[in-house]
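**Q** So the chains spell out like this:
There are 4 protein chains.
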Amino acid sequence: MQPIIETVFLRQMASGDRLSLQVYKFIGAKPGKKVYIQSNLHGAEIAGNAVIQQLIDFLLTINDTNLCGEIWLVPVCNPMGVNERSHHFSPGRYCVYEAKDWNRIFWDYEKEADDLVAFTKSQLQLDREVVRLNYLTTIREKFAKILEKINSPSGLPYTEQFAYKLQSMCIDADYLIDLHSSTNQAIDYLYYFRNRQESAKYFLLDYGILLDTYDGDAFDEAFIKPWLALEACFQKLGRNIQFDIEAWTMELGSGMQMHPDSVAKGILGIKNYLFQKGVLQIPEFPQANTSNQQMTFSASSKIMKYYAIAGGMIQSRVKVGSKVNANDRLYQILSFNKESQLPQTIDIFAENDGLVYEISTNQAVNQGELVLRIIQ
Amino acid sequence: MQPIIETVFLRQMASGDRLSLQVYKFIGAKPGKKVYIQSNLHGAEIAGNAVIQQLIDFLLTINDTNLCGEIWLVPVCNPMGVNERSHHFSPGRYCVYEAKDWNRIFWDYEKEADDLVAFTKSQLQLDREVVRLNYLTTIREKFAKILEKINSPSGLPYTEQFAYKLQSMCIDADYLIDLHSSTNQAIDYLYYFRNRQESAKYFLLDYGILLDTYDGDAFDEAFIKPWLALEACFQKLGRNIQFDIEAWTMELGSGMQMHPDSVAKGILGIKNYLFQKGVLQIPEFPQANTSNQQMTFSASSKIMKYYAIAGGMIQSRVKVGSKVNANDRLYQILSFNKESQLPQTIDIFAENDGLVYEISTNQAVNQGELVLRIIQ
Amino acid sequence: MQPIIETVFLRQMASGDRLSLQVYKFIGAKPGKKVYIQSNLHGAEIAGNAVIQQLIDFLLTINDTNLCGEIWLVPVCNPMGVNERSHHFSPGRYCVYEAKDWNRIFWDYEKEADDLVAFTKSQLQLDREVVRLNYLTTIREKFAKILEKINSPSGLPYTEQFAYKLQSMCIDADYLIDLHSSTNQAIDYLYYFRNRQESAKYFLLDYGILLDTYDGDAFDEAFIKPWLALEACFQKLGRNIQFDIEAWTMELGSGMQMHPDSVAKGILGIKNYLFQKGVLQIPEFPQANTSNQQMTFSASSKIMKYYAIAGGMIQSRVKVGSKVNANDRLYQILSFNKESQLPQTIDIFAENDGLVYEISTNQAVNQGELVLRIIQ
Amino acid sequence: MQPIIETVFLRQMASGDRLSLQVYKFIGAKPGKKVYIQSNLHGAEIAGNAVIQQLIDFLLTINDTNLCGEIWLVPVCNPMGVNERSHHFSPGRYCVYEAKDWNRIFWDYEKEADDLVAFTKSQLQLDREVVRLNYLTTIREKFAKILEKINSPSGLPYTEQFAYKLQSMCIDADYLIDLHSSTNQAIDYLYYFRNRQESAKYFLLDYGILLDTYDGDAFDEAFIKPWLALEACFQKLGRNIQFDIEAWTMELGSGMQMHPDSVAKGILGIKNYLFQKGVLQIPEFPQANTSNQQMTFSASSKIMKYYAIAGGMIQSRVKVGSKVNANDRLYQILSFNKESQLPQTIDIFAENDGLVYEISTNQAVNQGELVLRIIQ
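So the sequence lines, in the order shown, correspond to chains A, B, C and D.
Under our numbering, the first residue of the first sequence is numbered 41, with each subsequent residue one higher.
Under our numbering, the first residue of the second sequence is numbered 41, with each subsequent residue one higher.
Under our numbering, the first residue of the third sequence is numbered 41, with each subsequent residue one higher.
Under our numbering, the first residue of the fourth sequence is numbered 41, with each subsequent residue one higher.
Hints in this document: simulated from the structure, not taken from any laboratory.
Hints are not guaranteed to be accurate.
It does not matter which identical chain is meant; a pair holds if it fits inside one copy or across any two.
As the list claims (entries may be wrong) - Computed list of lysine-lysine pairs in BS3-like fashion (alpha-carbon distance at most 27 Å, straight line):
| # | residue 1 | residue 2 |
| --- | --- | --- |
| 1 | K317 | K151 |
| 2 | K151 | K342 |
| 3 | K161 | K363 |
| 4 | K342 | K189 |
| 5 | K65 | K182 |
| 6 | K70 | K342 |
| 7 | K73 | K342 |
| 8 | K359 | K189 |
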């Protein structure tokens, strides 16, 4: 099947050049869920682009009768971040003008839903699907105010315009997948939200991290938090309800790389997820047996970040993916000085047991820079 | 009188070089209030350095009997920001490693004071000065936890270490003055907090903006918000109390400049404030008559920011300091294109009346970049 | 008259977005000289964009019979530089990937013309116009090799591709004008080349600087140096010849600004130049009397740059445009330290007489940064 | 034996903080050659710091009778470059203020030696060591002018001050070793100069590249080129002379890394070189048999750089260290677009046979960015 390909204007630069987004829409023969997948929101996190390209290649080979619902794909979704360079590196994690993390800028309806209890009360007796549509209408009405502001003389800063453009494509999605990787060097894993652990296994990855603490305004959070809030509100009011709305961030390996293993895991997991969810309906599809899928789950509240306690060079560090015990040596700092002393080697030991799931690519550190992350 | 000059270690860099802070402490013969003044927290905002230097020069000429209490001065308080360059410019508003605004990183006790109501109840019958000391002790105990974390193997990111160093010098101050300027081009004005309007006049500036909305974790906010919260809590419990604790941010003109007029206003205002507050006790001091001082007050909630609605070049813009009416033309965008069209000129009109108190230095704009700010 | 407007592909970014150049070609009814004018090669130097827009507006009002030859206009000629930001500033003087000055990257045929003497000998008896065409053919044949390299699998770095695109539009021009300004703050002046002093006056500016020393590979240099070399070679061989080929760099005021005065001087000077050169043929054109035009000429070899001899803040600096005498005080450095000393004020005196024609916008300096420039 | 450790003031920053160099001087009991070794001139090239630290550790274990001459060690020799960050990366290859490559700034006496023929003629009959001392005196006299300029009111830009500081420590050295690595990912290899191929083998590396083409003003070049020029001048005048003066740049693996293998090769090679040169005189030293040492030599003129011919993502690239033949596929570009087309995959083939000795770390490329380097 062939996609509809739409090019969406994003930003006019000072030079008059224009940046755009491009969305590949595969529309199935039967109506169904809307899946939204994007990649490269952070400039250095490119692995997802290969995943999307392979997904396009795959979808081109199936018939529209094999697709129930629709799949929207947005590779290289952040031109400002993707194209930025500092020397030969890709530092595009942040908007350099506003110093905002490109993944902490999104509009979260939950923060504006002052009347959530009233809304929920009004929906208590209604069918889940009706509630979903009513809530979605409410979200969209509020969301439309942003466009009014964008079109006013005072406008909005670019990060808010950009967030609007991306969110306008997915605000009515059912399943949202944001393809990231580490800026540094990391294992492959999945971020998921509460009560979505069963679906998490469909991605066939070894590790999953529950987002139980929030930085705020990330793409996946902004999408699902209003629905989690609504579910919680129903629960308080005595009705158990869970919407079939899911948001995922896949972390596929290391920054500035499209490591073939990580890409392969990404494409395998997504295809299986779409199959399990009934979006892909292909009789001969090689079904992964996720009942036996071993996945280790933890939570973002159990992440420990290690920052360099002195300036210097990192050596003898444990490998990414290692399991460590409290008091194991994690790394050494080779610390120079300008006080006529010999260089010094400082050993750093683990405070707790855990999995070293990310290490810095850069082995030079100023005091207070990140060396590694451990999850308990 | 001579100051005590202390050099405080701040950060060891990867190269082994070290950055430091230097504090000039003028200690009066009589005990009294502690005043803390710093400058250049944002790298481009240098005007306050000249103010502090002139204040040092002035204090060197008086006797310690003319000083009641003590004045701590910390110029160039952010070496990472002050020394940063991008081409010939000073972009040091943000930590480039963490992409955090150097003035949105500070530790705010209010956010951790879970038991404020209990504390307030326990202090309801006590003398104001006793309450102040008890509360300060509480704050300091919590603050001390940060040092424990800094000294642990996992450490803390540099922004938190830096915030700790600055706040450890002023957490027990009575009056705190943070000397800023615009990154862009702006008038001279003062940010103040609720119930401190009378003291605001002592600074002899034409404009004051009440901080009734917060970005969060700014230096002045982090200092005073716990006290404002305590005052509010007392009020709810039926006791009217106001602590003689004040925080100010002076905005002294334009970025990358030490404009003599702005510097002169800064030094004049601070000296008068210190005199009015009884910190400076000099019989022959030329007392400004602030009873007649005309100061226009507004609030941060009344700030309108205008962002470029198209990429291009800004021309025919109203001057900084202008008063405008709704529907006045504010500026034009000369907008180029790459679509084989002639360049276009777009007029932008004011949505409301107000004072144009800041304009961008850069007249080239990508879509969504700041052009000017108006306060109603 | 209406221009032909052509959009020229420049660069595909990693995101798939494309940057372009746009050239406005005003073609006169009569054949004649080709004039090429561009602006904003350095990202912060935007004043020329307004000049080009006003020139377009002007040319739209005349008839093609008033134009002899053709005028090509390329505003915002360097999208990579124009659109770059560091915080709110425009640091786009350099390619950040290759760390090359965008105006030191151009292809200079003189460096490759190994057989210039042989060529000149072969042309000794020919008519000047025939020589011009023969030499231009020789230059173009060599220039065409760059395109072959661009189209090879190994390609070329972007700076060389970009240089090729700009130079391919102007390599056959007769008159070339590159519109710059200071990154910092400067007077309006003109760079010119040897034996073109008379034409320089047509620009009606107060100051002209002869480029008698070269940084190498600047846009104006790369255009005219092969012709200057040919003239010199003819002279050595005993024939005096001067081609009516001219290159100019107009410096129009300060960076990140389109100061109306500088823009007005730019447009006035260019129009008068085009009129004097016979490109504009308008009977009622208000002819400037350049016979009385007072223009002060100097040479780039007489430029003295003052670098900060200590880190600190610049104050009490002489104004841009001042004339100074040797031993006059030029500026002060307010120098802080981290060695428990009071701040220090250091006076800097002029080594020679001269005109202060540029001063740094940034009044904060690390040791060795530029403070001002004087031309003797 | 213990070194003398000297701390050398380098630069005062705007904040008043100071950067320094630190040199570890191991002085042997017997006079002899002076060896100068530095590391980390480019900010991301940190591997040499571990080499120097291990060399210090080694030298601490020997006696001063085992050292003939002296060894000066300067790790982290460029604080501005070492400490620079852009997001988590180390882009410190360039001075961001002047946009100069930190290794293309050095003072090269050859460029100023206008009277080299006259000098050589005056030395034709003298002993080699006398010539060396006379020439060194001449170089030093010229070099001293830089200090005069640094101390003048107009000063010098920082890059020239920095170059002066490093060169003042090594201008009289006999052997100079500059420890680099790739910014990207590369094999371990050695840059050497003409007529020094035999000594090159002492470093026990697999590959050596003769610097037969120059970028200009690199640290190793600036040191040795005056001596090569003198040798060439003697040769022209009929006397064969070679000074025992050598300059080397070791390239130790990949950027932002201290890969243990690369560090081990570095320390092994340097120790063997010092032993072979008679600087280390240790009876029991495990002598490498370099007569059998297989080292492949090539020349910098045989380097081919491949730049991305389109923007996109690099995949299926040959591994670093591979040998390729002409027409082998080198890599693919996964190229996205904003013109409503499917993504495209472009194959790039080798133009020549050769060794892929460097590949870009970043697999995202804007058009014209470096993908890999091959040496024939």
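**Q** So, for every hint listed, does it hold in this structure?
**A** Status of the hints after comparison with the structure:
{"no.": "1", "hint": "K317 to K151", "verdict": "neither (30 Å within a copy, 42 Å between copies)"}
{"no.": "2", "hint": "K151 to K342", "verdict": "both (25 Å within a copy, 21 Å between copies)"}
{"no.": "3", "hint": "K161 to K363", "verdict": "neither (48 Å within a copy, 49 Å between copies)"}
{"no.": "4", "hint": "K342 to K189", "verdict": "between (39 Å within a copy, 16 Å between copies)"}
{"no.": "5", "hint": "K65 to K182", "verdict": "within (26 Å within a copy, 48 Å between copies)"}
{"no.": "6", "hint": "K70 to K342", "verdict": "neither (42 Å within a copy, 51 Å between copies)"}
{"no.": "7", "hint": "K73 to K342", "verdict": "neither (33 Å within a copy, 44 Å between copies)"}
{"no.": "8", "hint": "K359 to K189", "verdict": "between (49 Å within a copy, 25 Å between copies)"}
Hints 1, 3, 6 and 7 from the list above are not met by this structure, while the remaining hints are.
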